[in-house]
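Undergrad: Given these sequences and hints, build the entire structure.
Number of protein chains: 2
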Amino acid sequence: MKTIKAFAPATVANVCCGFDVLGFAVDFPGDEVVLKLNNSKEVTISKIVGDGGRLPLEATKNTAGVAVQSFLQSLGVDQGVEIELYKNLPLGSGMGSSAASGVAALVAINELMGNIKSREELVPFAMEAERIACGSAHADNVAPSLMGGFVLIRDYNPLDVVKVKVNLDLYCTLVHPHIEVKTSDSRRVLRSSISLRDAITQSGNIAGLMVGLAQADPLLISRSLKDVIAEPIRAAFIPGFEQVKLRAIEAGALGCGISGSGPTLFALSSTHEASLEVGEAMQLEFLKSHLKSDIYVSKINPEGAKILAR
Amino acid sequence: MKTIKAFAPATVANVCCGFDVLGFAVDFPGDEVVLKLNNSKEVTISKIVGDGGRLPLEATKNTAGVAVQSFLQSLGVDQGVEIELYKNLPLGSGMGSSAASGVAALVAINELMGNIKSREELVPFAMEAERIACGSAHADNVAPSLMGGFVLIRDYNPLDVVKVKVNLDLYCTLVHPHIEVKTSDSRRVLRSSISLRDAITQSGNIAGLMVGLAQADPLLISRSLKDVIAEPIRAAFIPGFEQVKLRAIEAGALGCGISGSGPTLFALSSTHEASLEVGEAMQLEFLKSHLKSDIYVSKINPEGAKILAR
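From first to last, the protein sequence lines are chains A and B.
Mapping of the first sequence onto our numbering: position 213 corresponds to residue 417, and the numbering continues sequentially without gaps.
Mapping of the second sequence onto our numbering: position 304 corresponds to residue 508, and the numbering continues sequentially without gaps.
Simulated from the structure, these hints should not be mistaken for lab results.
Values in this document were obtained by computation on a predicted structure and should not be read as measured data.
No incorrect hints appear here.
Listing some non-contacts, in silico: residues in chain B with all C-beta distances to chain A over 10 Å:
id	residue
1	T207
2	G257
3	E384
4	E454
5	H476
6	L480
Below, a sample of chain A positions facing chain B; criterion: calculated Cβ distance under 7 Å:
id	residue
7	V225
8	V368
9	S399
Ideal Cβ placement from N, Cα and C applies to all residues, glycine included.
TA: Structural data, given as structure tokens:
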């Protein structure tokens, strides 16, 4: 029977000024799946490693299972598939953990079926998995995990997913403090209306970030990495947020903010060395709030999910 | 005595999704000034042609006069200057008429004083003139008129003006129906708060427009040229707006919207031929609302204001 192993990376959604419209992928960490075709007509999850027993083994409740089912359904195929899921991403961390599992499984099943869909065409199946797992079919984690780099979700109706060409090297520091924030809680606190003034500020910053990435202007990127919509409210979930962010900037980061709905913070830097120093400074500052944290440093991942072994 | 003649082009502010943060310059129409240094210590306006007698000759109340005064003041120079202003832009048209007069005068006095400031450095003086003439120191007309091309006003505090590199040819059709809309009226009707949903939509579109301009993607530009903030409210000032816009798109425009606060509409097209056809279609549609209009078609102006003669 055919077997395949795939990897899908963690992602940072929102990216300060890109609330609900932007995300990017990092090189690692990420989730891995092993997929085996079999003679049953069912999609099953045979084991999950690394989740501390917290994720459901039922295929219909797990993003990896739902993604594969939804993909096979679209082909009208009753293919039996056994999924092993190796979670390296912490749950509820704001690093796109549920997205990465779904994306890894999708890329694997697509490869097994002869690569009939492009990465962009896989986005809707991964979104469907997000809807089942998280209650909302957001694309700002799954699209960058699938496609790599920075991905703009210009619109959902119809879906318009745009890969943003980035013309400079950027390094990402992820610092995951050991607390958990539920996406649903984190969305609930947001206001349903905002001031026109804040909307204009956010517009200027997201436009500035896009121009900075295109024109390889790190200072413009730095000036644009600001969030006047979600961060002022969500920061309350993360002890010491303002100070940790300040330390990141002092240590050389171009910008720093909440990854997705948190509690992980991300920082972008121009060099690998800076991104390491930034991580250390942030981790030390979190300790002042008695929070231990994990640091992940890597380049922006230009390609997204990948096949590890056939 | 030294004499100089300068031209500053009309500009389109807002550009659908770039409410209050984006503008671009066209090749024509535009305003011209003739500046003469003299031995007085005053800035005077000796004549204004083309305004139908509606603009003040007092230098302290006219954008051309204020811009020159404010520039000379910054240098600490008591230089006498005589300004002749040739208005080619209709007043209250939404094409940046007041901005063009101020910018032409600024570029001229800067040249006469030995080009001591860059175009970007001139922006604050032109903004000061806008403040006197229009009551608000907006930069989304003066910055593109000075610098050319598409200009992003990322922030006002501190001022952050970014020239956006555009990697494809674009043509602009301006259609000016013969009604007048006051900027102050047009701003007054806007709501001071908007839904988070609309703010996200506008973010996605301004980001899409920036990426489309950078990546030379006319279809992405087209999909992004939408305004959910100002247009739904301001369209009421312009008889037949929805139909005129529809005709522009049908005739081949990438997008169409209100230029500044109107009543002029702008449309962007990929070819000169299309931009001509678009203008004709829009003009015909305005006639159904018994509105005559003028059409101006030109390339996006990459350089902005220029010196015509020394």
